[in-house]
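Q: Note that the protein sequences, when read in sequence, are chains A and B.
Position 34, counted from 1, in the first sequence is what the working numbering calls 34; the numbers after and before it change by one each time, with no gaps.
So the number in the working numbering is just where the residue sits in the second sequence, counting from 1, plus 114.
Incorrect hints may have been included.
[As the list claims (entries may be wrong)] Pairwise CB distance ranges, derived in the manner of DEER restraints: (1) 20(A) to 183(B): 34 to 40 Å; (2) 190(B) to 62(A): 40 to 46 Å; (3) 181(B) to 57(A): 30 to 36 Å; (4) 132(B) to 83(A): 29 to 35 Å; (5) 224(B) to 18(A): 46 to 52 Å; (6) 132(B) to 77(A): 35 to 41 Å.
No wet-lab data here; the hints were simulated from the structure.
These numbers were taken from a predicted model, which means no experiment stands behind them.
Where a beta carbon is used, it is the ideal one built from N, C-alpha and C, also for glycine.
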Amino acid sequence: KAGVTQTPRYLIKTRGQQVTLSCSPISGHRSVSWYQQTPGQGLQFLFEYFSETQRNKGNFPGRFSGRQFSNSRSEMNVSTLELGDSALYLCASSLVGQNTGELFFGEGSRLTVL
Amino acid sequence: GDSVTQMEGPVTLSEEAFLTINCTYTATGYPSLFWYVQYPGEGLQLLLKATKADDKGSNKGFEATYRKETTSFHLEKGSVQVSDSAVYFCALRMDTGRRALTFGSGTRLQVQP
């Protein structure tokens with residue numbers, strides 16, 4: 001059974017640009033959550049999507065957005081990039097939602113903002 | 115707000131040594147508690163969990179007991195192996211509100227042969 005797939009794995013952008021990251025969940029999983037991992041702040045929750053609807057949202061500015069498609073694949077977008085957005089962005093899928101706590105994580109997309 | 119505090123790493127042990135990674139939490143209420151592990155080059159994996167006080171989670175020789183009185187969930191293993199080298203994350207989840215996982219900062223474990 002294929003795991004959670006995130007693309008791209010690495011990318012470099014400059015300040016002011018925007019970026020879109022993609023996540024394909026495990027087959028059959030309907031929930032996708034996104035987390036940001038940085039050395040200073042650790043792992044922080046961005047948002048969760050379930051059946052194409054945003055179900056939960058963390059404390060991030062509106063520059064961070066996401067969506068989920070009918071096949072459960074998800075994308076997150078960061079607009080007007082800032083240096084502080086450099087991080088590893090992790091996607092996690094679960095069968096029914098992260099309220100069970102059993103999330104399956106991808107390897108992440110490492111974003112560097114110059 | 116809710117938070118998780120883990121001991122700083124790296125923790126360096128010899129093979130077959132006893133492991134303890136401390137984890138304490140702050141939460142308004144009674145969360146569920148988790149340990150996740152991240153092996154080199156891989157995503158996070160759920161290692162074990164406990165959903166109420168005095169529960170013991172266990173998996174692959176690792177154990178952790180939910181201690182409400184000390185708000186702790188320390189990870190232990192009696193005899194570590196080189197293959198246990200990884201980063202370990204303690205996390206909590208509240209059963210109300212946002213229900214997202216709140217993670218600790220992670221503890222890197224290095225096991226030497």
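Q: The structure should be examined with respect to each hint, and the outcome stated for every one.
A: Going through the hints against the structure:
1. Taking 34 to 40 Å as the suggested C-beta distance range, the pair residue 20(A) and residue 183(B) does not conform, at roughly 47 Å.
2. Distance hint check for residue 190(B) and residue 62(A): the Cβ-Cβ separation is about 43 Å, which falls inside the suggested range of 40 to 46 Å.
3. A hinted range of 30 to 36 Å for the beta carbons of residue 181(B) and residue 57(A) is consistent with their spacing of about 32 Å.
4. Checking the proposed 29 to 35 Å range against residue 132(B) and residue 83(A) shows it is violated: the Cβ atoms sit about 42 Å from each other.
5. Checked against the given bound of 46 to 52 Å, the beta carbons of residue 224(B) and residue 18(A), roughly 38 Å apart, lie outside it.
6. Between residue 132(B) and residue 77(A) the C-beta distance comes to about 46 Å, which lies outside the given range of 35 to 41 Å.
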